[in-house]
Amino acid sequence: MNTKQFHKLPETFYQKDVFKIAPKLLGKYFVKKEKQQFLIGKIVEVEAYADKIDEASHSFNGVTKRNTLMFDSGGKLYVYFIYGNHFCCNVVCDKEGVGSAVLIRALEPLKGIEIMAERRFQKNEVTAKEFLNLTNGPGKICKAFNISKDENGIDLCGENIFLAEGEKISKKNIMQSPRIGIKKSKELLWRFYLKDNPFVSAK
DNA sequence: ATCAAGATTACCT
DNA sequence: GGTAATCTTGATA
Numbered sequence: 000m001n002t003k004q005f006h007k008l009p010e011t012f013y014q015k016d017v018f019k020i021a022p023k024l025l026g027k028y029f030v031k032k033e034k035q036q037f038l039i040g041k042i043v044e045v046e047a048y049a050d051k052i053d054e055a056s057h058s059f060n061g062v063t064k065r066n067t068l069m070f071d072s073g074g075k076l077y078v079y080f081i082y083g084n085h086f087c088c089n090v091v092c093d094k095e096g097v098g099s100a101v102l103i104r105a106l107e108p109l110k111g112i113e114i115m116a117e118r119r120f121q122k123n124e125v126t127a128k129e130f131l132n133l134t135n136g137p138g139k140i141c142k143a144f145n146i147s148k149d150e151n152g153i154d155l156c157g158e159n160i161f162l163a164e165g166e167k168i169s170k171k172n173i174m175q176s177p178r179i180g181i182k183k184s185k186e187l188l189w190r191f192y193l194k195d196n197p198f199v200s201a202k
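Per numbering that gives the first Met the number 0, the first sequence starts with residue 0, numbered consecutively.
Where hints are given, some of them may not hold.
[Said to hold, decoys possible] Here are the simulated EDC-like cross-link-like pairs (lysine to aspartate or glutamate), alpha carbons at most 20 angstroms apart as the crow flies:
#, residue 1, residue 2
1, 31, 164
2, 31, 95
3, 34, 117
4, 148, 33
5, 94, 154
6, 110, 166
7, 32, 129
8, 167, 150
9, 15, 164
10, 19, 186
11, 31, 158
12, 34, 166
13, 94, 71
14, 31, 113
15, 185, 195
16, 139, 113
17, 142, 166
18, 19, 166
19, 32, 16
20, 23, 33
21, 15, 71
22, 110, 186
23, 128, 150
24, 19, 33
25, 19, 124
26, 32, 195
27, 167, 154
28, 7, 113
29, 51, 33
30, 23, 195
31, 171, 150
32, 31, 166
33, 139, 54
34, 142, 54
35, 19, 150
36, 110, 95
37, 23, 129
38, 110, 71
Please keep in mind that the hints were generated in silico from the structure rather than gathered at the bench.
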C-alpha cells in the first residue's frame, strides 16, 4: 500500500474560510502513515474555530506561543494539550494571518484498527461496544493515532499525516449544532456531524 | 510568582 | 447524569 492510491487534498483546499471548509471535511479520510501500516479514519464530526468573533477560540485574543499555528497558512496540523491528559488535533485553515482551524472530533475507524485498539485499550481485539468507542472524541483520536506535541505543525500536504478524498456526503446528511465543551460563544452552530453515524461523540 | 480555566475522558451511582 | 483526574497555558500582579 502506498500513498499514490489516495487522492490527497491539495493545499488550495485548506486556504479558504474555516466555516466553508468545516462541513466539507465530513466524509474525508484522515490518514497517518506509520512504520507497520496506514491508519485511516473517516471524519464524521468536526468543529470550526475562528478568530475575532469567536470567543471560544484559542485565537480570539491574538497570537500566543500556543496558538501560533492557527495563524499560519492553511494546511497544517495544530495539536494542543488539554485538561492535563489529552491532545486534540485541528486542521489549520485560511491564509496566513487569519487564526482559524477545524477541530477533528470523531472518526469512523477504517484501517489499522488493531493498532488503535492496542493504544486505547491495551489489547488488539475489541468488543462491539469498544469499537464504537475507539475514536469518538478528540482526545481518543489522538490516543489511537499516537498524535501528540511532536505532530504539531505537520504539513498536511506531506507524506506523514494527510487528508484524502473519501465518501461523497449529501447535504441532507450534514447536521449542525452548538459546539461541545465550551462556555463562550455557545450560540454559534459551528459543529458539523454526519446524521445517524454511530461514531459521532454526542447527539 | 501565582492562579484559575480548560475545544476531555473514564468511572461512578 | 455527575465528577475527579491532571497539568499546561495565559492573564494578572
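How the hints compare with the structure:
Distance restraint check for residue 31 and residue 164: the Cα-Cα separation of roughly 14 angstroms lies within the 20 angstroms cut-off, and the hinted pair is therefore satisfied. Straight-line distance between C-alpha atoms of residue 31 and residue 95 comes to about 25 angstroms, which puts the hinted pair past the 20 angstroms bound. Proposed proximity of residue 34 and residue 117 is supported: the alpha carbons are some 16 angstroms apart, at most 20 angstroms. At most 20 angstroms may separate the alpha-carbon atoms for a hinted pair to count; residue 148 and residue 33 meet this at roughly 17 angstroms.
At most 20 angstroms may separate the alpha-carbon atoms for a hinted pair to count; residue 94 and residue 154 meet this at roughly 14 angstroms. The hinted pair formed by residue 110 and residue 166 meets the criterion: a straight-line CA distance of about 15 angstroms does not exceed 20 angstroms. Under the criterion of a C-alpha separation no larger than 20 angstroms, the hint pairing residue 32 with residue 129 is inconsistent with the structure, at around 23 angstroms. Under the criterion of a C-alpha separation no larger than 20 angstroms, the hint pairing residue 167 with residue 150 is inconsistent with the structure, at around 28 angstroms.
For the proposed pair residue 15 and residue 164, the alpha carbon gap of about 17 angstroms is at most 20 angstroms, so the pair holds. With a C-alpha separation of about 18 angstroms, the suggested pair residue 19 and residue 186 falls inside the 20 angstroms cut-off, and the hint holds. Under the criterion of a C-alpha separation no larger than 20 angstroms, the hint pairing residue 31 with residue 158 is consistent with the structure, at around 8 angstroms. At roughly 26 angstroms between alpha-carbon atoms, residue 34 and residue 166 are farther apart than 20 angstroms, so this suggested pair is violated.
Pair hint residue 94 plus residue 71 holds up; C-alpha atoms about 7 angstroms apart against a cutoff of 20 angstroms. Simply put, residue 31 and residue 113 have alpha-carbon atoms about 14 angstroms apart, close enough for the 20 angstroms limit, and the pair holds. Distance check on the hinted pair: residue 185 and residue 195 sit about 23 angstroms apart at the alpha-carbon level, beyond 20 angstroms; violated. About 15 angstroms separates the Cα atoms of residue 139 and residue 113, which keeps this hinted pair within 20 angstroms; it holds.
With a CA separation close to 24 angstroms, the supplied pair residue 142 and residue 166 exceeds the 20 angstroms bound. As the CA atoms of residue 19 and residue 166 are separated by approximately 18 angstroms, the hinted pair is consistent with the 20 angstroms bound. With a CA separation close to 28 angstroms, the supplied pair residue 32 and residue 16 exceeds the 20 angstroms bound. Between residue 23 and residue 33 the alpha-carbon distance is near 26 angstroms, which puts this suggested pair outside the 20 angstroms criterion.
In summary, the hint linking residue 15 to residue 71 is supported, as the alpha carbons are separated by about 12 angstroms, within the 20 angstroms threshold. In summary, the hint linking residue 110 to residue 186 is not supported, as the alpha carbons are separated by about 36 angstroms, beyond the 20 angstroms threshold. For the hint pairing residue 128 with residue 150, the CA-to-CA distance comes to about 29 angstroms; that exceeds 20 angstroms, so the pair is violated. Among the hinted pairs, residue 19 with residue 33 is inconsistent with the structure: their alpha-carbon atoms are about 30 angstroms apart, more than 20 angstroms.
A threshold of 20 angstroms between alpha carbons decides the hint, and for residue 19 with residue 124 the separation of about 38 angstroms lies outside it, so the pair is violated. For the hint pairing residue 32 with residue 195, the CA-to-CA distance comes to about 29 angstroms; that exceeds 20 angstroms, so the pair is violated. A C-alpha spacing of about 24 angstroms is found between residue 167 and residue 154, which places the hinted pair above 20 angstroms, so the restraint is violated. Taking the CA atoms of residue 7 and residue 113, the gap is near 24 angstroms; set against the 20 angstroms cutoff, the hint is violated.
Taken as a hint, the residue 51 and residue 33 pair is broken in the structure, with Cα atoms around 37 angstroms apart against an allowance of 20 angstroms. About 17 angstroms separates the Cα atoms of residue 23 and residue 195, which keeps this hinted pair within 20 angstroms; it holds. The straight-line distance between the Cα atoms of residue 171 and residue 150 is roughly 34 angstroms, outside the 20 angstroms bound, and the hint therefore fails. Only pairs whose Cα atoms come within 20 angstroms are accepted, and residue 31 paired with residue 166 is accepted, the gap being roughly 18 angstroms.
Annotation: proposed proximity of residue 139 to residue 54 is violated, straight-line Cα distance about 25 angstroms (limit 20 angstroms). As the CA atoms of residue 142 and residue 54 are separated by approximately 27 angstroms, the hinted pair breaks the 20 angstroms bound. Our distance criterion of 20 angstroms between C-alpha atoms is broken by residue 19 and residue 150, whose separation comes to about 25 angstroms. Restraint check for residue 110 and residue 95: not satisfied, since their Cα atoms lie roughly 33 angstroms apart, outside the 20 angstroms limit.
A C-alpha spacing of about 28 angstroms is found between residue 23 and residue 129, which places the hinted pair above 20 angstroms, so the restraint is violated. Among the hinted pairs, residue 110 with residue 71 is inconsistent with the structure: their alpha-carbon atoms are about 30 angstroms apart, more than 20 angstroms.
In summary, the structure is inconsistent with hints 2, 7, 8, 12, 15, 17, 19, 20, 22, 23, 24, 25, 26, 27, 28, 29, 31, 33, 34, 35, 36, 37 and 38 from the numbered list given earlier, while agreeing with the others.
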